[in-house]
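K.L.:
Given the coordinates of chain A, work out where chain B should sit on it, guided by the hints.
Protein chains: 2
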Amino acid sequence: MQPTQRRLANAIRALAMDAVETANSGHPGLPMGMADAATALFTRHLKFDPAEPKWPDRDRFVLSAGHGSMLIYALLYLCGYERPTMDDIRRFRQLGSPCAGHPENFELEGVESTTGPLGQGLAMAVGMAIAERHLNAVYGDELVDHRTYVIAGDGCLMEGINHEAVGLAGNLKLGRLIVLWDDNKITIDGSTELSRNEDVMARHDACGWHTLECDGLDAGKVGAAIEKAKADPRPSLIRCKTIIGYGAPNKQGTAATHGAALGKAEVEAARAELGLAPEEFTVPDDVLSAWRQVGGRGAADRAAWEKRLRASRKGDEFRGRMAGKTEQRWLQPYLEALIASPPTVATRKASEMALEVINTAVPATIGGSADLTGSNNTKTKALQPLTAEDYSGRYLYYGIREFGMAAAMNGMALHGGVIPYGGTFLVFSDYCRPAIRLSALQRARVVYVMTHDSIGLGEDGPTHQPVEHIMSLRLMPGVEVFRPADAVETAECWALALDSEGPSVLALSRQNLKPVRTEAAAENLSARGGYTLRRAEGERRVIIIATGSEVEIALEVAERLATEGVGADVVSLPCWERFEAQDEAYRESVLPSAEPEQILRVSIEAGTTFGWERLVMAKGLRFGLDGFGASAPAPDLYRHFGLTADAITPKIMETVRQ
Amino acid sequence: MQPTQRRLANAIRALAMDAVETANSGHPGLPMGMADAATALFTRHLKFDPAEPKWPDRDRFVLSAGHGSMLIYALLYLCGYERPTMDDIRRFRQLGSPCAGHPENFELEGVESTTGPLGQGLAMAVGMAIAERHLNAVYGDELVDHRTYVIAGDGCLMEGINHEAVGLAGNLKLGRLIVLWDDNKITIDGSTELSRNEDVMARHDACGWHTLECDGLDAGKVGAAIEKAKADPRPSLIRCKTIIGYGAPNKQGTAATHGAALGKAEVEAARAELGLAPEEFTVPDDVLSAWRQVGGRGAADRAAWEKRLRASRKGDEFRGRMAGKTEQRWLQPYLEALIASPPTVATRKASEMALEVINTAVPATIGGSADLTGSNNTKTKALQPLTAEDYSGRYLYYGIREFGMAAAMNGMALHGGVIPYGGTFLVFSDYCRPAIRLSALQRARVVYVMTHDSIGLGEDGPTHQPVEHIMSLRLMPGVEVFRPADAVETAECWALALDSEGPSVLALSRQNLKPVRTEAAAENLSARGGYTLRRAEGERRVIIIATGSEVEIALEVAERLATEGVGADVVSLPCWERFEAQDEAYRESVLPSAEPEQILRVSIEAGTTFGWERLVMAKGLRFGLDGFGASAPAPDLYRHFGLTADAITPKIMETVRQ
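Residue numbers (our numbering), protein chains in the order written: chain A, 30 to 687; chain B, 30 to 687.
Simulated from the structure, these hints should not be mistaken for lab results.
Do not take every clue at face value.
DSSO-like, lysine-lysine: derived pairs with alpha carbons at most 27 Å apart [stated by the list, open to error]: (1) K270(A) <-> K214(A); (2) K680(A) <-> K648(B); (3) K202(A) <-> K214(B); (4) K214(A) <-> K202(B); (5) K76(A) <-> K354(A).
Extracted from the complex, chain A is given alone in its bound form (with noise of 0.2 Å):
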């Protein structure tokens, strides 16, 4: 006889407690309350195969109440991946173990992404959701055509980026996406009543969702709820009606379960409501067996899908996409037309000349702009929008929506097959940064086109004007920070940004600019991350580095240099990580050590002259802006702010001769 829902859920509830106990740390609430909802999920609906993680039509699976990470390492671990193995789920919170704090999905393969901040992974699955309709559409039924499933609890549905999220959901009637709500009323400060008297699911019909509630501690009315979800073209909103920590008879139902452990006592008497084996991390056999068995449900249609893929004509190329190949081939000529006829234009404009070349080039790039279109630069001629009538267009109107924007982004490049671009303003990277964060920790391929990067953007004034975000996006580990001076560079970066392995934020300049570039270079220079630029005549006395729209100023301070006898070498530095990743041989070659006293080292970038202690030292000049920007003309500004060969010449000067 086959052990019953409510036995395999259990399982679940017994692995979830016994490891926070072991840890005596993390979250048993969610897995508890959420353990038959979640097996009625993976063994009647998910499409998946633990022998091959990555097949690409899977149903992708979020966990965007990621603390109750226990719930998917259970249910990987009785599934059958590979990992986690048992012990790995004995040393939940260790270090070392896959079976991180939150689920990792650099970690293990069966975790599709890396969630904990609240709300950005409901906001991925919708990008997946747009990857999969999109991918559909290109390919079809025979290749693409699976499901996101997203486990959110009350903190996800209360956090700002949801709305964006559930909107934009809404409005692409994005019907493969299925949202289980764990409406448990618990928050960490306690009822959810504490803080929220909404209606949710009119909030979710309001957006053009389909809402349907269900008992979420019955396994077969939430699997008969996701079929009713499924059949249905809108997104899904099941509201699953449970009981956080659901098992632990005293604890149960209040927020005492939610983030912490429950206590050895508790555990036992845990164990007897539930009719658990006595010892910890044990599951029984015929519960083991029938969770195995779930595992090995999809490996036929994984099959069946395989052979289709060899059939089709379009196998090879689906492959590509899917192995995120990208060609660079159409940077050469590209660079060698720029060589030839040096354009004066905004490193924007720059951006979108390149983008034309690319979006011919990459048929997986898909652009938008959290409603900047015209100003972000970001729509190239071809490309039609993705919309709900046309999944195979490939810009999206994101709408005002920023954070909803980049997690939506960094859903779509885990799910693979496309490389999604976005833009907005620079100062607006605020708004998107801790996605930006997730995009570095999950390693993925996103691109930030990131305009209007300056006080060179004008007359929208402080609020409109980055000063300390250009640094402080360097801060971030694993972001790479392109800030191009021309449209050479531009177009370097733009193909650094397209073969790397993680996100990169581009930049870029509102106002026009000279171009800085005008001969051909052997190899992308930006792709050193600084280089010189211009060498100094004569004896070298001072080294400029300088960056983007301030490129341009360091030449013209160097020329006037150079007419008072001081040669001065010009250092472009478009992308700071990368010049630090370079050998000490190159950096030595751009910037050496040895003569620190006898070469004055001088920075130029209009913002936060914090940081560029590193390279121009203490004793070196630091040009740039530490206060807020104002409203006014862009060249009264640099004026306003010193940032002109006018007023830096005179320092520069002065310094020396001392």
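P.N.:
Same frame as chain A, now just chain B:
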């Protein structure tokens, strides 16, 4: 005969068109579309007195769609505020004009809040409405009895923060909050249908709001709708159906009017359409006179209020509260008690201990947390919840709404009379970051209680462990970041935060810390930002600079170095910004620059090492971590990342011996 409401409104349209045309930059669409609605609000409902813009019982008006700044500049001029003058308006968006690209509260007294980053104005208004109800509960109708009005566009309503703000306002039943939605069906990218299919009204209904709609181009109808909204106990959303750029005959109703000058021909056509005078920057005498009468409407109310204030027993106290005075006498006795019996506690706990004293001594504080009350230690024993049923409470359960909380706190601080503090995990400062920036720009006294400030939080892992956050908050202009090392420093930092004119971030540990300040000091040492905590015995060869939880490590390293015969100072640096603001003599006394070759400088901070070059120089040693953290118990992580005396001491010895 009085001019019609439409003629009054057209004066706004004329000034908006002319200013944008002259600047050749700006946003005519909103002021022209919402001129009638704003006229209804200002002429018939808004309680204000241009002769006393800071009258505490005035209604607050927030232009959440801040790009439409010419709307408010025009209104302030027309109503007779001292500034802006017509000349200021002529110089719209020019250096030195208070008529900046977006409205700035530090430029014009009639501007209640700095807006432009979308969604935040509305969320700040929620905070203002909270402050009003709270002060009303404390001081009664006779002193506090006003409303908060907002003009919001589709951008504000699409941003995620809108969901948080609307949810918070709904749950708190803020009936004094009235939002006028400029429903013009246009965003920058085109029709709102490109990105939204939401029933906005139904969504607000679902959150317990009162919703109603009217012709936004008919001031009479808008006025009647406001009347109804005032009568309803719920927060109200008034859907004003408008046409963007109304009055520009060929461009109205299109995105072309949103953010660019209309062009000479279209301005002339609009003049004809609207029956305006041919000269730029003119207002017909009868219209100006009528507007000035509007401006005089509130004087009698204000006089009556002043009289009530003078008669009130609580008048002086109320004045003090609104002036933002804080009581600091609590500090010294509390410090003495700590010194007498130094506790080993987490600084988050030390913060709670300080708050127990502060919340008694300073009745203006309103605490809260984004659903991490027990973790942030933000609720002291005597604080009662601030709820829809009892606004006199001083603790807010913000729900899982970090950004909404931060923006609401800005609104509360700008309203005046209260000092908001609110908690979340430091890693989620990223969620709040756009609002923290507005705290800084607006000089809003908000205290961010950011706990779990490093890998020291342990098992929750990299999604929850700040790495770059402390340094990247330091990069933000106008924010003081405090990272105290023990209970004494925590109390000192709290005193500084309460006494500040701008925002403070308290970065606090999850883990227990040994006391490092065990002797009484003559002054608040943290006020200096950094100070020598331990002096080298014998010749000083090393200076170790550390913050927060790493100060105890620094002390242990210094002890070990001493046993090796190497003298080391330990500098505790609870606030980098304050240290840099000290005079040179003081800074030199702590970090002497004269002998950089002789004295090795070392930094220890469990975060990015980038930026520390500024204090430890290029040749110094920087201990921290520049990649993401990991999931494990805190002591394991400190060992893993080499942040222990065992790991650090030999590296210093190696360098010193070279």
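K.L.:
Evaluate each hint against the coordinates.
P.N.:
Okay, the hints, checked on the actual structure:
A C-alpha spacing of about 9 Å is found between K270(A) and K214(A), which places the hinted pair at or below 27 Å, so the restraint holds. Taking the CA atoms of K680(A) and K648(B), the gap is about 26 Å. The hint holds against a cut of 27 Å. Proximity of K202(A) to K214(B) is assessed by CA-CA distance (about 20 Å); at most 27 Å being required, the pair is judged to hold. A C-alpha spacing of about 20 Å is found between K214(A) and K202(B), which places the hinted pair at or below 27 Å, so the restraint holds.
Among the hinted pairs, K76(A) with K354(A) is consistent with the structure: their alpha-carbon atoms are about 26 Å apart, no more than 27 Å.
When held up to the earlier numbered hints, the structure conflicts with none and fits them all.
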